[in-house]
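Participant: Next come the chains, spelled out residue by residue.
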Amino acid sequence: MKAWHAAALAAACLTCSGPVAAQKSDPERVAAFAELPYWPGYWVSEQYANTTIGGFAAPRDASSQPIRRLNGFDAPWNEEGKRRQAEAARLRGGRKALGWGYPMMMDAATPLQFMITPEETMIVNAYGEVRHIYTDGRPMPPAEDLWPTVWGTSIGHWEGDTLVVETVQVQTPFIYFHGGPTLSEEARYLERIRMEGDHLLIDFTIEDPVTLTEPWKVTIRQVREEAYDRMVQMDFSNDRTGVENGINTIEPSGD
Amino acid sequence: MRFQFAGAVTGVVALVAGTAQAHHSFAMFDMTKEVTVSGTVKEFQWTNPHAYIQLVAKDEQGRDVEWSMEMGAPMYLYARGWRPSSLKAGMQVRVTLNPLRNGRPGGVVRDVVTADGRQIGTNR
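If you read the protein sequences in the order shown, they are chains S and H.
With the working numbering applied, the first sequence closes on residue 255, and no number is skipped along the way.
With the working numbering applied, the second sequence closes on residue 379, and no number is skipped along the way.
Any given hint might turn out to be false.
[Stated by the list, open to error] DSSO-like mimics (lysine-lysine), calculated; alpha carbons at most 30 Å apart, straight line: (1) K313/H to K297/H; (2) K343/H to K96/S; (3) K96/S to K288/H; (4) K313/H to K343/H; (5) K343/H to K297/H; (6) K297/H to K96/S.
It is worth saying that the hints were derived from the structure and are not from the lab.
Here the structure is a predicted model, which is why all the values come from computation and not from measurement.
All chains should be modelled from the sequences, with the hints used to inform the complete structure.
Facilitator: Shown next as structure tokens:
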């Protein structure tokens, strides 16, 4: 490497490192960080706490709060919504899943981790599914910049210790996961996420002019699964759920 | 190695065990029956969305039969003390399960112990 080239590269590196160093010591950002809540640990929907090796939920005390679900079984469906639910019930048995997708990853046994920064909160699960919630003040992208995806597009802001999230352009959840609701791609999901005692509460209000008669309100309660010491992400590679004579079965091993 | 049918444990089993949870319906399994199968591990599939034990056991005519035994996702198992190395090919184990309704050699796992009765991981 010629001497002038090395010098230019060194100068470029200095230039690159400058802004990074400045950001680290930016007192405004440090102050913004200090005001944010911290939700450490690995979270699962309350109904899945202490799931057994066979995938069975632990018994719950009869006096505990009723479990609400995001699967849509009790949503206020209109006629189109009911039609879609009936069709989903017909198809569900023969379907393989690809993962949880949104919103079901927020009501799952697969643990979630929350990474909170002033500019963005990332929610990651053990299937490698990620939500990016931008909290830097940006508006929702214009319509021409949006298209339906499995996890949608989210912006958010903080109201005290509550993260308020708006998510749009979610592909019909039932497509990705056969246990998901049959909402349309016009659905708008509002979440208010906050800690209350040892629980992380997620208040959902879902509006969908195509499938719902009124806003669908569900609160999902998350608890920490203390047995996890780290996030281990694994792909979704071996769904052996098959169907035979109209009832599910385990497909033979592919080995 | 013989199938050991634990007998009719109707109704009570499901109540004690809690609600079935998975990415699919548990209607494929007969939750009113528990079957215990002793055999040799052929393969332990540590995979999403389910782990599976492939277990070879003798049927009542002495023929080898390969069972497909479904478990929860690896993260559940990890939390209950299981690891990918918990079962190795050639190990002798005894598995209690709720069998498939269609009569195929398979089911959903309730408990696994070694041939000498040692618990693998926990189920709590």
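Participant: Indicate, hint by hint, whether the structure satisfies it.
Facilitator: Results for each hint:
no., hint, verdict
1, K313/H to K297/H, "13 Å, holds"
2, K343/H to K96/S, "28 Å, holds"
3, K96/S to K288/H, "26 Å, holds"
4, K313/H to K343/H, "19 Å, holds"
5, K343/H to K297/H, "8 Å, holds"
6, K297/H to K96/S, "25 Å, holds"
Consistency with the previously given hints is maintained throughout, with no hint failing.
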